[in-house]
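Protein chains: 2
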Amino acid sequence: MKGKHFIIYLFCALALSSTAQITNKGFKIIPLGVKGGLDESNLSSYMVATSNSDNFICLDAGTLNAGLQKVANSRLLKEVSGEAIQKQNIKAYFISHGHLDHLSGLILNSPNDIAKPVYALPSVIDVLKNNYFTWKSWANFASEGDKPILGKYKYQSLTEGIEVEVPETNLFVTTYSLSHVNPYESSAFLLRNNKDFLLYLGDTGADTVEKSDKLAKLWTAMAPLVKNNQLKGIFIEVSFDNSMPDKALFGHLTPKLLMLELNKLNNLADSKLRGTKIFVTHIKPCSNCEENIKSEIATANNLGLQISYPEQGKAIQLNN
Amino acid sequence: MKGKHFIIYLFCALALSSTAQITNKGFKIIPLGVKGGLDESNLSSYMVATSNSDNFICLDAGTLNAGLQKVANSRLLKEVSGEAIQKQNIKAYFISHGHLDHLSGLILNSPNDIAKPVYALPSVIDVLKNNYFTWKSWANFASEGDKPILGKYKYQSLTEGIEVEVPETNLFVTTYSLSHVNPYESSAFLLRNNKDFLLYLGDTGADTVEKSDKLAKLWTAMAPLVKNNQLKGIFIEVSFDNSMPDKALFGHLTPKLLMLELNKLNNLADSKLRGTKIFVTHIKPCSNCEENIKSEIATANNLGLQISYPEQGKAIQLNN
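So the protein lines, in turn, are chains A and B. Here our numbering is used: position 57 in the first sequence is 73, and no number is missing along the way. Here our numbering is used: position 212 in the second sequence is 228, and no number is missing along the way.
Hints were generated in silico from the structure; no laboratory data involved. Among the hints, a few may not be true.
Identical copies go unnamed one by one, so any copy, or any two together, can satisfy a pair.
To be verified - Cut-off 25 Å, straight-line C-alpha distance, at most; resulting in silico cross-link-like pairs (SDA-like, lysine to any residue):
1. K211 - M260
2. K41 - N317
3. K94 - P326
4. K168 - C302
5. K310 - A264
6. K233 - N68
7. K227 - W151
8. K145 - F157
9. K103 - P199
10. K263 - E327
11. K263 - N335
12. K310 - N186
13. K272 - K310
14. K263 - N128
15. K170 - K233
16. K132 - F266
17. K280 - D142
18. K243 - D262
19. K145 - K163
20. K330 - S287
21. K41 - K227
22. K280 - S259
23. K227 - T150
24. K310 - S97
25. K94 - F157
26. K280 - T185
27. K103 - N304
28. K107 - K280
Remember, it's a predicted structure, so these values are computed and weren't measured experimentally.
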């Protein structure tokens, strides 16, 4: 009888473990801010977790509190205040570049946060260290730089192309360098949950305008994942509509340039990009900009891509 | 007949001029943000004009766009968008100190603004120049510092105690140095419209806690204006409730310390502070902080002062 019980137990355990592994795929994304400037209450920031977890990393942190209040009010998570969600559910920050609209929320909300790591490329950590957490702009809540060092946020220096594991999240992140008014460096973060991937790009110009090959290199790295249907989504910026001349883009994309770059990736991926969902971020507010950009993208979408627009506080599930 | 017409004309002109002078008193204040941290959509910023003008100066700029949208929606001014109000109605910025929650909106909204002056003490201009408008944190839209210099915002260096005239506004401003975690410097701005005055304090600790005499000096300068019923209002911070110990105040006031300081001013002003309206700003959000602070101030208000709490987008008239 003992032997029989053991076999039943073993069977159940294996079945449960296998179910857990099957369900542990895909991603859950909660945008805390989606716009590309001006409106302080809605600037680039995206919480991402594996689909079966409420332990998130936060990709950029332009707006935190105003977005977290919306998340708390809509009861997307069990914590009932924005502050509690920031403390408990965000396990690490990844900052794509040093511009204020991608990190203002991190600085402003640091006094009420708890200790956690801040991941970034060395050039981005330099900006945090020399310009923000300096005792001139703000108390130094970070782990290096001007003294006294309060040490709440531990800088974690990223190396391009090297995957890091983020504690408590089951997420793995590989970073790629982007060009945002050459030679200013921005970053793309490739997130992995088991065999599923999600790509988030910080601000970037097109290779043709930036005189750069950084997006070409990124697309080469992404192509196999697209081919294998492993890249579930791409978050990529379109800041201006097509009326903006190249010389006034300041390291950003337009609908035309977005489609130019996505066509390159699609070509490298045996025309399989339709299997990857595209999320357009960072639209800069102006009277008709959002409408124009959406209309121009719809017109230019010759590949039949699944393109949508994240909204602040509206969760996105990527499980397919 | 010619002589009679001239006398009538002269009489009318004198009467009109006299009426204009009589009505040109007091102030109109539109708070763009009132909180002391965390919530990016509602951080310290106050538009102030003479009561008969829509040409404002902006005292601090923690939040601009989110507040300006509210102002536009409630049709407080004739311009129908936040961006138009920023461009047309704000003629100059006065920044009290270099902390991000007092200037984030200025940086973030600089791309869409038009040319205008930014007034601050030299130590504050140094922070703007070395930490924000640096091409690392943000494009250099200012008039000095890292090249290329875009020159949209002309730095205007203030000297303590020296009154400056702000073009296009009929406002005159005198600056006083404050202590915000000694020796970090903050500022108070004394605005004058003819013979009426308004005092705005950036972040400040109490003299007893800061080991400073800066508030004592400020109160000495303000006392004659209070006695003469010329000081129409004081905007002053209370960041924490009385439960916060002195060592954790980080250069801020509590209700207890506010009343301690206001009693000093009242004593210097022959107990006439009741004629000056007190506006409490910069409450730091937490679950019960706002209620606690209001209750503690009401209890501690032994002088019977007129104390109120500005709200974002709600205009305040000070004409008495």
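| task | Could you tell me which of the hints above the structure violates, numbers in ascending order? | result | As far as the earlier hints go, 1, 2, 6, 9, 10, 11, 12, 15, 17, 18, 20, 21, 25, 26 and 28 are violated by this structure, in ascending order.
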